[in-house]
Amino acid sequence: DAKTTQPTSMDCAEGRAANLPCNHSTISGNEYVYWYRQIHSQGPQYIIHGLKNNETNEMASLIITEDRKSSTLILPHATLRDTAVYYCIVRAPYNAGNMLTFGGGTRLMVKP
Amino acid sequence: DTGVSQDPRHKITKRGQNVTFRCDPISEHNRLYWYRQTLGQGPEFLTYFQNEAQLEKSRLLSDRFSAERPKGSFSTLEIQRTEQGDSAMYLCASSSGGVSYNEQFFGPGTRLTVL
Chain H
7 DAKTTQPTSM DCAEGRAANL PCNHSTISGN EYVYWYRQIH SQGPQYIIHG
57 LKNNETNEMA SLIITEDRKS STLILPHATL RDTAVYYCIV RAPYNAGNML
107 TFGGGTRLMV KP
Chain W
778 DTGVSQDPRH KITKRGQNVT FRCDPISEHN RLYWYRQTLG QGPEFLTYFQ
828 NEAQLEKSRL LSDRFSAERP KGSFSTLEIQ RTEQGDSAMY LCASSSGGVS
878 YNEQFFGPGT RLTVL
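Residue numbers (the numbering used here), protein chains in the order written: chain H, 7 to 118; chain W, 778 to 892.
Calculated directly from the structure, the hints in this document are not laboratory data.
Incorrect hints may appear among the rest.
Cβ-Cβ distance ranges computed for the label pairs, FRET-style [to be verified]:
#	chain 1	residue 1	chain 2	residue 2	range
1	H	Gly21	W	Lys791	43 to 51 Å
2	H	Lys75	W	Ile789	40 to 48 Å
3	W	Gly849	H	Asn63	25 to 33 Å
4	W	Asp840	H	Lys58	26 to 34 Å
5	W	Ala830	H	Ser15	38 to 46 Å
6	W	Gly849	H	Asn29	33 to 41 Å
Cβ-to-Cβ under 7 Å is the rule here; a few derived chain W residues that face chain H [said to hold, decoys possible]:
#	residue
7	Gly793
8	Pro820
9	Phe822
10	Tyr825
11	Pro847
12	Leu868
13	Glu880
14	Phe883
15	Gly884
16	Pro885
Some chain H residues well away from chain W (every beta-carbon gap over 12 Å; in silico) [unchecked claim]:
#	residue
17	Asn29
18	Gly49
19	Ala66
Ideal Cβ placement from N, Cα and C applies to all residues, glycine included.
Please take these sequences and the hints and turn them into a complete structure.
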């Protein structure tokens with residue numbers, strides 16, 4: 007699976023949009039981009055995934071560049087409860103073990 | 778609450794003791810995963826079951842680590858002769874199978890402290 011690069015930490019004001027970038031310049035054509043987050047003392051939680059088109063659900067939007075080498079997770083109206091570590095993961099459909107390979111993630115701090 | 782439960786939530790043990798953790802996945806999920814997470818790091822994949830078959834175990838950290846899923850429902854992860862370096866959060870996840878995409882639902886984890 008392709009490696010991802012994310013900023014170590016970011017701050018966001020409550021009520022504003024949080025834009026979390028992810029670089030995956032070595033992504034292959036069949037690899038999906040997944041986003042999970044982990045709130046302190048909890049297990050990771052799935053947010054959204056996509057292949058090449060932009061995606062939106064009740065939690066967030068995922069914008070993938072046309073060349074698929076980077077993506078941005080958007081939390082449209084961040085709340086204090088969105089403070090968490092956000093992981094961008096690139097994964098092929100059928101990798102060995104169906105594993106998720108987590109990097110260090112981005113620690114998002116939402117401030118009042 | 779994701780529907781995945783883990784027991785115990787916390788375990789303190791002395792070096793050299795054996796420990797066993799249990800994971801109960803979402804009932805209709807046939808895939809079950811174990812991960813380990815050390816402080817400040819992302820989760821690290823350990824092993825994976827589809828039903829009762831352990832299809833990937835090459836990432837288990839040493840032969841002191843073993844996992845079972847005897848009836849394709851709950852799973853146990855055992856660590857024998859624990860070492861201080863085994864102190865970590867052990868996470869279980871489950872997912873449904875069949876298609877290429879399968880969201881993994883994680884439990885709350887078992888935090889192990891080896892003294």
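The hints, checked one at a time:
| no. | hint | verdict |
| --- | --- | --- |
| 1 | Gly21/H with Lys791/W: 43 to 51 Å | holds, 49 Å |
| 2 | Lys75/H with Ile789/W: 40 to 48 Å | holds, 45 Å |
| 3 | Gly849/W with Asn63/H: 25 to 33 Å | holds, 30 Å |
| 4 | Asp840/W with Lys58/H: 26 to 34 Å | violated, 42 Å |
| 5 | Ala830/W with Ser15/H: 38 to 46 Å | holds, 40 Å |
| 6 | Gly849/W with Asn29/H: 33 to 41 Å | holds, 39 Å |
| 7 | Gly793 | violated, 28 Å |
| 8 | Pro820 | holds, 5 Å |
| 9 | Phe822 | holds, 4 Å |
| 10 | Tyr825 | holds, 4 Å |
| 11 | Pro847 | violated, 20 Å |
| 12 | Leu868 | holds, 5 Å |
| 13 | Glu880 | holds, 5 Å |
| 14 | Phe883 | holds, 3 Å |
| 15 | Gly884 | holds, 5 Å |
| 16 | Pro885 | holds, 6 Å |
| 17 | Asn29 | holds, 16 Å |
| 18 | Gly49 | violated, 3 Å |
| 19 | Ala66 | holds, 14 Å |
The structure fails hints 4, 7, 11 and 18 (numbered hints given earlier, in ascending order).
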